[in-house]
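Protein chains: 2
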Amino acid sequence: MSGYFTEKSSTDTVNARIGDDVSPRLREVMESLVRHLHAFAKDVNLTQEEWEVAIDFLTRTGRMCSEERQEFILLSDVLGFSMLVDAINNRRPAGATENTVLGPFHVGGAPERAMGDTIVQDGKGESCLYEGRVLDLDGNPIEGARIDVWCDNADGFYSVQQPDLQPKWNNRGVFTTAADGLYSFRGIKPVSYPIPDDGPVGKMLAALGRHPFRPAHMHFMITAPGFETIVTHTFVDGDPYLASDAVFGVKESLIAEFKPHGGDTDWHCAFDFVMVQTG
Amino acid sequence: MSGYFTEKSSTDTVNARIGDDVSPRLREVMESLVRHLHAFAKDVNLTQEEWEVAIDFLTRTGRMCSEERQEFILLSDVLGFSMLVDAINNRRPAGATENTVLGPFHVGGAPERAMGDTIVQDGKGESCLYEGRVLDLDGNPIEGARIDVWCDNADGFYSVQQPDLQPKWNNRGVFTTAADGLYSFRGIKPVSYPIPDDGPVGKMLAALGRHPFRPAHMHFMITAPGFETIVTHTFVDGDPYLASDAVFGVKESLIAEFKPHGGDTDWHCAFDFVMVQTG
Numbered sequence: 015m016s017g018y019f020t021e022k023s024s025t026d027t028v029n030a031r032i033g034d035d036v037s038p039r040l041r042e043v044m045e046s047l048v049r050h051l052h053a054f055a056k057d058v059n060l061t062q063e064e065w066e067v068a069i070d071f072l073t074r075t076g077r078m079c080s081e082e083r084q085e086f087i088l089l090s091d092v093l094g095f096s097m098l099v100d101a102i103n104n105r106r107p108a109g110a111t112e113n114t115v116l117g118p119f120h121v122g123g124a125p126e127r128a129m130g131d132t133i134v135q136d137g138k139g140e141s142c143l144y145e146g147r148v149l150d151l152d153g154n155p156i157e158g159a160r161i162d163v164w165c166d167n168a169d170g171f172y173s174v175q176q177p178d179l180q181p182k183w184n185n186r187g188v189f190t191t192a193a194d195g196l197y198s199f200r201g202i203k204p205v206s207y208p209i210p211d212d213g214p215v216g217k218m219l220a221a222l223g224r225h226p227f228r229p230a231h232m233h234f235m236i237t238a239p240g241f242e243t244i245v246t247h248t249f250v251d252g253d254p255y256l257a258s259d260a261v262f263g264v265k266e267s268l269i270a271e272f273k274p275h276g277g278d279t280d281w282h283c284a285f286d287f288v289m290v291q292t293g
Numbered sequence: 015m016s017g018y019f020t021e022k023s024s025t026d027t028v029n030a031r032i033g034d035d036v037s038p039r040l041r042e043v044m045e046s047l048v049r050h051l052h053a054f055a056k057d058v059n060l061t062q063e064e065w066e067v068a069i070d071f072l073t074r075t076g077r078m079c080s081e082e083r084q085e086f087i088l089l090s091d092v093l094g095f096s097m098l099v100d101a102i103n104n105r106r107p108a109g110a111t112e113n114t115v116l117g118p119f120h121v122g123g124a125p126e127r128a129m130g131d132t133i134v135q136d137g138k139g140e141s142c143l144y145e146g147r148v149l150d151l152d153g154n155p156i157e158g159a160r161i162d163v164w165c166d167n168a169d170g171f172y173s174v175q176q177p178d179l180q181p182k183w184n185n186r187g188v189f190t191t192a193a194d195g196l197y198s199f200r201g202i203k204p205v206s207y208p209i210p211d212d213g214p215v216g217k218m219l220a221a222l223g224r225h226p227f228r229p230a231h232m233h234f235m236i237t238a239p240g241f242e243t244i245v246t247h248t249f250v251d252g253d254p255y256l257a258s259d260a261v262f263g264v265k266e267s268l269i270a271e272f273k274p275h276g277g278d279t280d281w282h283c284a285f286d287f288v289m290v291q292t293g
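Those protein sequences? They're chains A and B, same order as listed. Quick note, the first sequence lines up with residues 15 to 293 if you use my numbering. Quick note, the second sequence lines up with residues 15 to 293 if you use my numbering.
Hints listed in this document are in silico derivations from the structure and should not be mistaken for laboratory results. Treat each hint with caution, since some may be false.
Identical copies go unnamed one by one, so any copy, or any two together, can satisfy a pair.
What the hints assert, rightly or not - Quick list of in silico lysine to aspartate or glutamate cross-link-like pairs, EDC-like style, CA-CA up to 20 angstroms:
(1) LYS56 <-> GLU112
(2) LYS56 <-> GLU45
(3) LYS56 <-> ASP278
(4) LYS217 <-> GLU157
(5) LYS265 <-> ASP70
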């Protein structure tokens with residue numbers, strides 16, 4: 015082999031350039047990336063004009079990024095890439111609660127609240143009592159599980175999206191289980207909302223005939239000593255976007271029933287979380 | 015199939031979302047892109063941390079882009095992707111002059127010069143007489159072929175990179191063949207130079223144990239009515255970077271011999287260009 019570039023040998027030519035002292039993992043990742051990128055261009059006989067459109071798209075996506083907006087994560091999300099990476103890194107045995115994407119709206123350091131307390135601070139929305147247990151794979155309750163919850167408000171915005179309109183910790187809180195593994199808190203029944211679609215990724219979704227909506231969901235991050243962290247949502251059963259979540263976050267096992275409650279609470283949602291031991 | 019995302023069905027789930035009214039070509043390109051991106055993540059079991067590094071890399075690459083700097087094109091170049099797209103779109107029969115990448119330094123509207131004239135305006139560098147013919151595949155001379163040439167100066171910079179230090183059309187010019195198909199002009203023997211490596215792409219090259227240099231070359235864009243346009247370089251035989259061009263632009267058939275000339279000219283470079291008829 016001459017070492018010069020040809021259409022046929024393109025992948026090998028590029029990958030042969032990687033130096034001898036490069037970390038084996040970086041080599042593995044980059045070789046695979048080059049192999050798949052080149053195979054893509056060959057599969058579709060990518061034209062020069064299409065390449066120019068792609069360069070322009072990436073450039074506009076970069077220009078959209080700021081402290082408040084991560085358009086490349088959005089791109090990864092709508093291509094199902096974020097969910098795929100989440101799935102690869104969180105394979106769990108049957109019976110364990112499945113993971114889904116963290117999303118961009120989690121804020122660390124939310125207030126610790128007492129069991130049964132409310133997370134709603136803006137008085138908006140249909141009220142909902144959330145209840146359930148945190149269990150291990152054998153059905154034993156887990157003591158000291160830390161349950162960090164967050165969701166959008168009744169207008170479809172997270173508090174971080176509206177720092178001037180919502181209290182900082184609106185619809186956010188942390189609850190810790192006792193020996194019985196039980197949790198309960200009051201919140202709202204969340205509502206569906208569009209991901210930010212005024213940038214290049216939104217234009218791409220429109221060109222692909224896709225909508226930007228996510229089905230209504232409550233976020234949970236559950237940690238407990240000796241157990242794998244669960245990052246997940248529960249989705250409101252019956253939401254019209256369940257089967258077409260713009261970021262592919264829905265898993266069948268995460269769809270939760272919201273039942274009318276009565277009294278001073280509109281809804282009731284029961285959901286148990288099952289954690290996997292580490293090691 | 016539920017339509018919900020699973021690791022196994024990830025590609026199908028994402029591609030099934032494309033709307034019915036989407037152009038067949040956009041569908042083909044995006045389906046292939048999703049297939050290859052997902053296969054990449056699965057092949058290497060991409061970790062969450064590696065995904066974060068990738069998002070950060072793309073974001074920094076976007077931030078580096080400006081009117082004067084296109085870091086995404088640079089990224090495409092060093093991954094061999096630009097050369098691959100060029101190869102796919104310029105397949106030619108044996109005997110025809112091969113294409114290579116246009117590069118970012120071409121400027122339209124260069125002065126038309128008389129055969130034999132010089133393109134050097136800064137008085138720097140080792141002088142060289144360029145000569146040869148523009149032919150069709152049967153060896154017949156092509157009349158009216160427009161030969162647009164450009165190269166870096168003796169310091170390794172194109173005139174557009176040094177608008178305050180070099181005359182605008184330094185080392186640039188356009189020559190048009192007569193019935194004999196002959197061309198000749200005076201320039202310099204070009205020198206090797208690094209692609210801009212002070213950004214994320216330069217850091218990536220360093221992490222991969224690669225250098226940023228391109229071997230010395232003269233650019234040619236040759237157009238003639240009834241013939242496919244040739245965009246190519248001739249490379250200086252013996253250049254130490256021939257086998258390791260940072261952007262993979264070298265093809266064996268494009269390496270040109272530079273011979274000592276004598277008289278008031280240091281070097282002589284003979285090279286014939288062979289064009290393919292259109293249609």
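We went through each hint and held it up to the structure:
1. Taking CA atoms no more than 20 angstroms apart as the test, LYS56 paired with GLU112 passes between copies only; the shortest distance there is 19 angstroms, against 37 angstroms inside one copy.
2. In the homo-oligomer, the alpha carbons of LYS56 and GLU45 lie at most 20 angstroms apart both inside one protomer (17 angstroms) and across protomers (14 angstroms), since each shortest distance falls under that limit.
3. Taking identical chains as interchangeable, the C-alpha atoms of LYS56 and ASP278 are never at most 20 angstroms apart, the minima being 62 angstroms within one chain and 49 angstroms between chains.
4. Taking the shortest alpha-carbon separations for LYS217 and GLU157, neither the intra-copy value of 47 angstroms nor the inter-copy value of 47 angstroms comes in at or below 20 angstroms.
5. Taking the closest pair of Cα atoms, LYS265 and ASP70 never come within 20 angstroms of each other, the shortest separation being 34 angstroms inside a single copy and 28 angstroms across copies.
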